[in-house]
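Novice: Now for the letters of each chain:
There are 2 protein chains.
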Amino acid sequence: MVDDNTYIHCLPLLLEMIPGLRHAKIIKIKSGEEHKNINTCIQIWEELEKHHAERSSMLFNLGGGVICDMGGFVASTYKRGMSFIHLPTTLTAMADASIGGKTGVDLNNVKNEIGLFAFPKGIYVYHDFLKTLSERQLLSGFAEMLKHGLIADRDYWDKLTIGDDLENQNLEELINDSIRIKQSIVDDDPWDNGRRNILNFGHTVGHAIESYSLKYDKEPLLHGEAVAIGMVIESYLSHEMKKLSTHDLHLITAEIYSHFNPYPIEIDMLPEIIELMSHDKKNKHNLLKFVLLNRIGEAEWNTTCDEKLIWTAFEYYIHLQHQSI
Amino acid sequence: MVDDNTYIHCLPLLLEMIPGLRHAKIIKIKSGEEHKNINTCIQIWEELEKHHAERSSMLFNLGGGVICDMGGFVASTYKRGMSFIHLPTTLTAMADASIGGKTGVDLNNVKNEIGLFAFPKGIYVYHDFLKTLSERQLLSGFAEMLKHGLIADRDYWDKLTIGDDLENQNLEELINDSIRIKQSIVDDDPWDNGRRNILNFGHTVGHAIESYSLKYDKEPLLHGEAVAIGMVIESYLSHEMKKLSTHDLHLITAEIYSHFNPYPIEIDMLPEIIELMSHDKKNKHNLLKFVLLNRIGEAEWNTTCDEKLIWTAFEYYIHLQHQSI
Numbered sequence: 001m002v003d004d005n006t007y008i009h010c011l012p013l014l015l016e017m018i019p020g021l022r023h024a025k026i027i028k029i030k031s032g033e034e035h036k037n038i039n040t041c042i043q044i045w046e047e048l049e050k051h052h053a054e055r056s057s058m059l060f061n062l063g064g065g066v067i068c069d070m071g072g073f074v075a076s077t078y079k080r081g082m083s084f085i086h087l088p089t090t091l092t093a094m095a096d097a098s099i100g101g102k103t104g105v106d107l108n109n110v111k112n113e114i115g116l117f118a119f120p121k122g123i124y125v126y127h128d129f130l131k132t133l134s135e136r137q138l139l140s141g142f143a144e145m146l147k148h149g150l151i152a153d154r155d156y157w158d159k160l161t162i163g164d165d166l167e168n169q170n171l172e173e174l175i176n177d178s179i180r181i182k183q184s185i186v187d188d189d190p191w192d193n194g195r196r197n198i199l200n201f202g203h204t205v206g207h208a209i210e211s212y213s214l215k216y217d218k219e220p221l222l223h224g225e226a227v228a229i230g231m232v233i234e235s236y237l238s239h240e241m242k243k244l245s246t247h248d249l250h251l252i253t254a255e256i257y258s259h260f261n262p263y264p265i266e267i268d269m270l271p272e273i274i275e276l277m278s279h280d281k282k283n284k285h286n287l288l289k290f291v292l293l294n295r296i297g298e299a300e301w302n303t304t305c306d307e308k309l310i311w312t313a314f315e316y317y318i319h320l321q322h323q324s325i
Numbered sequence: 001m002v003d004d005n006t007y008i009h010c011l012p013l014l015l016e017m018i019p020g021l022r023h024a025k026i027i028k029i030k031s032g033e034e035h036k037n038i039n040t041c042i043q044i045w046e047e048l049e050k051h052h053a054e055r056s057s058m059l060f061n062l063g064g065g066v067i068c069d070m071g072g073f074v075a076s077t078y079k080r081g082m083s084f085i086h087l088p089t090t091l092t093a094m095a096d097a098s099i100g101g102k103t104g105v106d107l108n109n110v111k112n113e114i115g116l117f118a119f120p121k122g123i124y125v126y127h128d129f130l131k132t133l134s135e136r137q138l139l140s141g142f143a144e145m146l147k148h149g150l151i152a153d154r155d156y157w158d159k160l161t162i163g164d165d166l167e168n169q170n171l172e173e174l175i176n177d178s179i180r181i182k183q184s185i186v187d188d189d190p191w192d193n194g195r196r197n198i199l200n201f202g203h204t205v206g207h208a209i210e211s212y213s214l215k216y217d218k219e220p221l222l223h224g225e226a227v228a229i230g231m232v233i234e235s236y237l238s239h240e241m242k243k244l245s246t247h248d249l250h251l252i253t254a255e256i257y258s259h260f261n262p263y264p265i266e267i268d269m270l271p272e273i274i275e276l277m278s279h280d281k282k283n284k285h286n287l288l289k290f291v292l293l294n295r296i297g298e299a300e301w302n303t304t305c306d307e308k309l310i311w312t313a314f315e316y317y318i319h320l321q322h323q324s325i
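Protein sequences, first through last, are from chains A and B.
Counting from 1, position 284 in the first sequence corresponds to residue 284 in our numbering; the numbering is continuous, with no gaps.
Counting from 1, position 29 in the second sequence corresponds to residue 29 in our numbering; the numbering is continuous, with no gaps.
In short, the hints are calculated from the structure, not lab data.
A quick note: this is a predicted structure, and the numbers were derived from the prediction, not measured.
Take the hints with a grain of salt, since some may be wrong.
Because identical chains cannot be distinguished in the list, a pair is counted as satisfied if it fits within a single copy or across any two copies.
Heads up, simulated DSS-like pairs for lysine-lysine below, C-alpha to C-alpha not over 25 angstroms straight-line [said to hold, decoys possible]:
id	residue 1	residue 2
1	K289	K30
2	K121	K242
3	K308	K28
4	K28	K215
5	K50	K289
6	K50	K218
7	K218	K242
8	K50	K215
9	K28	K159
10	K289	K242
11	K30	K308
12	K289	K218
13	K308	K218
14	K25	K243
15	K308	K121
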C-alpha cells in the first residue's frame, strides 16, 4: 500500500532494496490526512478483495503516519485479520507513529476515532527514505521527537536542542533514541490504561487544532506542526497547574518557536477548538484531561483543567505571535 | 443497540428485568442482514459520538446475530475499543453467534469480510426472548444446533432429532448443550487457525447461497436456512470425499428436509454461487476448501474439492427437490 507520494518517491527505492517485492500487488491511495477516513478504508478493502488477498497474505504499509495507521487498521480488520508490516517513510512515522500498535482513521474530523490496537509483524526503518522529505515534513517529525524528550528523557531533549539546524544533526542516532523511548513507554502499558497516556502530551490541544485546520485551511497543518502548538499551550498549563518552571516553559517555547511558524489562532476560533478537544479519547466523563510536565523529562497524565485556564493558555500562544521571543 | 424488531419486542422485556438500564441511551438500526455493512457501522459510530460515549462506556447488543456481530465490531473499533455485552434475542444468537468472539460486517455481499476477534465482557441468555420469535426464526437457529451435533457430538444430534416438533423440545437445555459444544471448540483454538474451522461446516456453501439470496431475493433466506442447504450439499461432498456413510447422508438429508423448505437452485445459478464461495475467508491460495464429515459427530477441516464434484453435489440437492424423500 502506497500513496501518490510514496508511489513516486519511495517505491522505486524499496524495490531496488528488496527485489522480492517486485511481484507484489500495489494498492495506491491519495496522499494526505484528509483521506484517512473510513471511505478510503472501504476502497482498500475492496482492492484487497479484488486482488484475492487472503488471511495468510501480508500488507506492506509504505508511507507516513497516515499509511501506517490506516494500513494497520485495514489489515487487522480484513477477514478478521491479515498480517502487516510497516515501512515508514517519514520522520514522524519512523520515530513515532509506526511504533506502539495504534491503528485507526478519522471520523468526521475527529482524529483516530475508529481504530484498534494491532501490532505489525515487523517495522523496517530505511533511513534513505528521509532524503525524499521536505524540510517541513522533517520538522513535523521532529516535533514528536522533541515530545519524547519533554515527557521522558531530559538528556535526549538536550541532545535534540543543542544544534539549531536539523540537517546537521545525526538523525539516524536520534531516531533510534526516539524509538527506544517510545517503545519503553509502550511496553510499560501497551493498552493505554496508564503511563502510556504521557505520549499524548501536546496532543489534546494539538489534535483539536489539527482537526480545525483540516476543516478550514486550504493547506492544513501537518500533524507535528499542530502538536508543536499543542506542546506550547500545554506547557503553559503545566506551568500553571504543575511544577514546570518559568525557565523550562521559556526554553520549550523558544525551542518550538525557533523551528515552527506561528499559526494564526484568533479568540473567536476557541469555542470550536475546545469543542473538538472534548472528543479526545482520553477524556472520561466529559472532563478535559491533559498530560502535563513537572519538568523537562517528566510528565504526569490525567490532570483536569478548567475551561477558563485553557482560554488563558491559548491567549499565551496568541500573544507570542505578536512579540519576538 | 437495538434494531426495529428488538426495540419493539425485546427492549420492554429487558428494561423490566434490568431496571438499571432504563437510563441507557438507545441506538436503533434497521433490521436485517442487508444492513450488516460498513455504512450502518458509520451510523452507529456517529451516534456513539453524538451521545459522548467514551472508552469507559459499555455497549449492550440486544438482538440476533446481526446485532451481536456488528455491535461487537463497532464497539471494539470505537476509540480503539470500548467494552460490550451481548444480550442475544434469537435462537441463532443464543446457541451460536454470540459465542466465540467473532465480530464483523459484510462488504459488497461478501459475508463478514470486515471484522475482528473481540470478546464481550459477558453474554446473558434470557430464554424469555424466544417467545418473541417466529417458527421460521427458531428453525434458522436450530440449523446451527444441528451443526454442533453433526461436527462434534453424536449424542447431541440424537437428542435434537428424536422429536419431530421443535416446540415440544426442551429448548433451554438444548441451548446450553450447544453453547457448551461451541465454547469447547473455541477454547481449543480461539483464533481460528485449526480445529475451530469445523464450525464452518455447511458455511462454505451456505454463505455463498446466503449472499446470492441477499442479492436477488425479495425475501432473502435466513442465515440458518442457507446453512441447512449448505449442510446437505457438504454432506454429499463428505460422502464422496470422506467416510460419511450413505446411511448417515440420508439421515442428515431427511432431517433437514423435514424442517426446511427446498430453495429453488437452478444449474445456471451455479457459476455465480461458486464465485461467491471463492471469497470465503477459509480459502488459502484460491482453492475451495471444505469442512467435511467422517460420520455424524466427527468433522475434518481443510479438504479441497474440485469444481466438478461441487457441481455434482449441487445437482444432488437440486434433484432432491423433484422427489419426496
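Novice: Look at each hint and say if it fits the structure.
Specialist: Now the hints, each set against the structure:
1. Proximity of K289 and K30 under a CA criterion of 25 angstroms is satisfied in neither setting, with 34 angstroms inside one chain copy and 36 angstroms between copies.
2. Taking the closest pair of Cα atoms, K121 and K242 never come within 25 angstroms of each other, the shortest separation being 40 angstroms inside a single copy and 37 angstroms across copies.
3. For a Cα distance limit of 25 angstroms, the shortest separation of K308 from K28 qualifies neither inside one copy, at 45 angstroms, nor across copies, at 37 angstroms.
4. Only within a single protomer do K28 and K215 lie at most 25 angstroms apart by alpha-carbon distance; the minimum there is 24 angstroms, versus 29 angstroms between protomers.
5. For the homomeric pair K50 and K289, the shortest alpha-carbon distance between copies (19 angstroms) is at most 25 angstroms, but the shortest distance inside one copy (44 angstroms) is not.
6. For a Cα distance limit of 25 angstroms, the shortest separation of K50 from K218 qualifies neither inside one copy, at 34 angstroms, nor across copies, at 27 angstroms.
7. Taking identical chains as interchangeable, the C-alpha atoms of K218 and K242 are never at most 25 angstroms apart, the minima being 37 angstroms within one chain and 65 angstroms between chains.
8. When the C-alpha separation of K50 and K215 is checked against a cutoff of 25 angstroms, the pair qualifies only between copies, where the shortest distance is 19 angstroms, while the shortest distance within a copy is 33 angstroms.
9. Neither within a single protomer nor between protomers do K28 and K159 lie at most 25 angstroms apart by alpha-carbon distance, with minima of 38 angstroms and 55 angstroms respectively.
10. Taking identical chains as interchangeable, the C-alpha atoms of K289 and K242 lie at most 25 angstroms apart only when both belong to the same chain, with a minimum of 14 angstroms there against 62 angstroms between chains.
11. Taking the shortest Cα distances, K30 and K308 never come within 25 angstroms of each other, neither inside one copy (40 angstroms) nor across copies (43 angstroms).
12. Within a single copy, K289 and K218 get their C-alpha atoms no closer than 30 angstroms, and across copies no closer than 51 angstroms, so neither meets the 25 angstroms cut-off.
13. Proximity of K308 and K218 under a CA criterion of 25 angstroms is satisfied in neither setting, with 30 angstroms inside one chain copy and 58 angstroms between copies.
14. When the C-alpha separation of K25 and K243 is checked against a cutoff of 25 angstroms, the pair qualifies neither within a copy, at 53 angstroms, nor between copies, at 41 angstroms.
15. Neither within a single protomer nor between protomers do K308 and K121 lie at most 25 angstroms apart by alpha-carbon distance, with minima of 45 angstroms and 39 angstroms respectively.
Figure legend: structure checked against the earlier numbered hints; hints not met, in rising order: 1, 2, 3, 6, 7, 9, 11, 12, 13, 14, 15.
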